[in-house]
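Student: The primary structure of each chain is shown beneath.
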Amino acid sequence: MKDLGTVTQLQGHFEEEHSSEDKAVFQQLKGFFDKAKKKILGDKVEVELNQPGEATKREELRGLSGYDPSWWEDQELGAVRSHTDNFKSIRDARVNDFVVETNKLLIRLDKLLSPDAPTDPKKRKAYEKAIVRWIPDNEVPACLNCAKSFSILTRRHHCRLCGGIMCDRCSEFMASSYAQKLVNPAHSFNGEGFLKRTNSNTSLNSLVGNEGESIMRVCKTCRKLLERRGIMTELRNTKPPIVQIYDKMKLCIKEAEQIIPDYMPMVESLSQGETQYDYRQAQIMRTKLVKLYEAVDQLSKKILTFDLNSEQGVNPKQVHLQKSIRLYATNFMQENLMGLQALPTEEDYNKLRQRRTAEIQRKIAAERQAVIEAQERERSERERQEQERLMKENAVSPEDGPKPGHRRVSSGGDIQKKKLLSGKLPVNIVGTSKGHARNQSDESVGKGWKPVEDAGRVSKASDPMLQQMEIIRGYIRQAKQANRVDEVVMLEQNLRDLHTEYQRQQEVKGQAGY
Amino acid sequence: MNVILAVKQYVSKMIEGCGGGMKVLLMDRETTSIVSMVYAQSEILQKEVYLFERIDTAGRETMKHLNCIVFLRPTKENVDLLAQELRMPKYGLYFIYFSNVISKQDVKVLAEADDQEVVREVQEFYGDYIAVNPHLFSLNLVSCCQNLTWFPPLLSRTIQGLSSVLLSLKKCPMIRFQNSSEMARRLADSIRQVINKEAALFEFRKTDVAPVLLILDRRDDAVTPLLNQWTYQAMVHELLTINNNRINLSTVPGISKDLQEVVLSAEHDEFYANNMYLNFGEIGSNIKELMEEFQKKSKSQAKVESIADMKAFVENYPQFKKMSGTVSKHVTIVGELSRLVGAHSLLEVSEAEQEIACQGDHSTLLQRIRALLANDKVRHIDLLRLVMLYALRYESHSNNDVSGLVDALKQKGISVENRAMVQAILDYGGKKGRGSDLFGNQDAVAITKRLLKGLKGVENGVENVYTQHKPLIHTLLDQLIKGKLKEASYPYLGTGQLKDRPQDIIVFIIGGCTYEEALVVHNFNRTMPGVRIVLGGTNILNSKSFLQEVSMAIGNPSNPVQAGRTVRP
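Going down the list, the protein sequences come from chains X and L.
Counting from 1, position 288 in the first sequence corresponds to residue 654 in the numbering used here; the numbering is continuous, with no gaps.
Counting from 1, position 229 in the second sequence corresponds to residue 327 in the numbering used here; the numbering is continuous, with no gaps.
The reader is advised that the hints may include incorrect statements.
[Unchecked claim] Footprint (simulated), chain L over chain X, 3 or more residues, beta carbon under 8 Å:
id : segment
1  : 460-474
2  : 597-604
3  : 681-691
4  : 840-851
Note that these hints are calculated values from the structure, not bench results.
Cβ coordinates follow ideal geometry from the N, Cα and C atoms, glycine included.
Model the full assembly from the supplied sequences, consistent with the hints where possible.
Tutor: See below:
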């Protein structure tokens, strides 16, 4: 990212060295750089890892061109060793105790909170004692927590959840709404879960908190266990608002990523004036994409400014996080939106289409003309040969003339040979076109498409490879006319392969010649 | 056999294993360097890793909505810090990766700290070294050799680093080491012990030819790190010092603020990737080309204003932007290099150095050094290096005049401590310390070769006088690949022996390797099909860090009495 500043230098260079050149170019360039600069400097990040450039996979590959390619051959992931199972078994053995204990507490808590529980203090106490055995007072001479001896002034208190004994100072008081929430996570709760009452020496069974809420006396151990559970359920069940926005943004990005690969070839094809795709459908897709990008932009901006004005003071790491997310979103958009070409307008598209149709028709006509001419030539050639033959036959004695049918046989052999050479290919084509047809609209169902071997155009090249290449070129022409994009791609690949093979052969021949 | 890829794959795997959502990467000082060498920040950002934190940073904020990838070296401090972290978790879930083997005891400590059940994974991913180039790694250890023997803590770090290289590349090698070096033997033994102890880990698919680990000692070739360099990467390190791909340019006169520290990463800088092994002259012309290309592109933009052209521009844009960035960066660096070359007569110095190292007649060379001693442009450090090279080369020459040259250094005002380095280098890399024929004096074949090479050079007149020197490692690797490396000097550890010619080779140099050697290895990889070599060292040296290494290795080189006594017999 540091390099960005150097653009200024380059601009300087331009201003000095190329001032005579078109000012507009410079302005244009400057505009671009300024935009980029704003984007990148605005979101500058200071972590140690900062290195120049944004490395998409494509660029990464290009960036390594200076290397021996064998460096980038596939490499297995290095050795790894997992301690996860061992770790979990140690942890679980330990945590299990908590869990069992916590669950016991929760069951008791549930009973204590039950609406059927008596409210009358006397009955209430008996009810509480029935749920968990209270340790008899005489068994415990001192607070189990702080070891302070009990006396008239230091009274014994029981934890309602485990029945243990403690002094007042070691007691904790759990608000009943917090208890409700522990038992039933759907229960809404705000405020402090535990209260500390000072200067109180009462031994009421149920106590009333500051705000009239009933509270319950528990010991420190029980509090810890319940709190741990409380934190864990909360973490599992709540999503902070920023995460919700983030998830929405990610959803949009994901959706856009699914559409892009479909959309790109559409635009490509439509702006060539081809009719393979539906213009309206492309338009709908584009609108959808633009909307998604807008959403990503909006949401990431929202994340960027989220909670920045809260009274609690801004957490610098949180700000950094928000900036990074925004940078992530802008990188995504830069990478994809830049390539999101506009569709031609409907009017332009129609023009393009007409032009293309005209073009194709012109081509077809030209080719037909060529075919006719070729046939013409062939006919005249044949006539000429016929004449020559007749002349020869006339010259030589009639008994020595060639046997009838001889010529036909030889030409039949020729065709045989060509078929042999091209034999594999048409089969392939039929195969794919069948598969293709299934996905296509009704007009082509069942018709399939198959290039016709155009023997007339196959040149009389001596090398079978060259002949084959010529044949495939013919197929490609036909496929193009039939708008069979897939086939064209496949055939072109075929042609390329043949070409490489041919060159290789030539090289081998050349070497053998020396 | 690509160390950058190996580490990168580990990091990618960690990130993948953490699933979707916002992530924070928690590291220590060393793993931060390890990761930063293979991943650009922007690249890692696109994988939803938004924050980077150090485990030793006190008072990190609680952010439960982030999942945490932990990548740490398995040190005692890190385990303690992590256990603390787990008791009071600041992030949502934890995915823990250690860069090396961690003890069962440490796993237990961590498991007992995880009361809140936030840990999802605990694994070992062996990225415990700094991957510099695809075939070059370093451990960034300084002064591993003290009093000519291993400094124990650095020996154990070296064992960890080197064994993690083997694990990350999935190689269980046959080990060969330099017989003359006690340090090499100890390291080889220790690596063997690790392999035996962790036999299950080192069980890889058997290849036809076993890989070879060759352990060398810098003391065998003390010449290479003393020479001036002329290929881009090596030259930048020699004159400006590369530290984890970073170069500090703040001392360059008139440098702009944003160029005070620049990053040279072949992974993310195409120009650098294409030019790092080219020599200084070629770089200059390539930069010029790049500038012209840039100008041409922007000019062609001027001519046409159609949508198609705009599109082309936009398509070129990321590249374009990047290019403009790298151009000025490299212009600055190359500019500074050429300033230094001119200001300190480095061409003359280098020519003399090369002749000392490669051939040359004693009396002519002596005159040449004397002439350079009289040249005020030449830096003291370069003069010292020249005399050190001379001392190494003519250590046993009957007419050598080391003491005369040291006197001349004294007259130049070079300090006692620095003058003592002349003796130090002899103690470190002199005849007694060497196990091989560094200058090719003994071997009749080598002498013939040298003679032929000399003739060829004269005949064609093309051989670059500044890059004639070939490091010792060139000869060793050549012999190793041909199966001719002498067993007496480089024995196998244990009983096994390689019958075939080796294919996968890992060379490790105790005391540090150099970028000149990295280039040698690169060329082997490029030109020898089927042979794959990775080079590593305790450090990557330039002459400055090498001098420090030597003075630490020798013990107390600043003792002028000792140095004076032996230098002046």
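Student: A separate judgement is required for each hint: does it hold in the structure or not?
Tutor: Right, here's what the structure says about each hint:
Counting residues of the segment 460-474 of chain X whose CB falls under 8 Å from any CB of chain L gives 3; the rule of at least 3 is met. Residue count for the segment 597-604 of chain X with a Cβ under 8 Å from a Cβ of chain L: 3. That meets the three needed, and the coverage hint holds. Against chain L, the segment 681-691 of chain X contributes 8 residues with a C-beta closer than 8 Å to a partner C-beta. That satisfies the three-residue criterion, and the hint holds. Look at the segment 840-851 of chain X against chain L: 0 of its residues bring a Cβ nearer than 8 Å to a Cβ of that chain, fewer than three, so the hint is violated.
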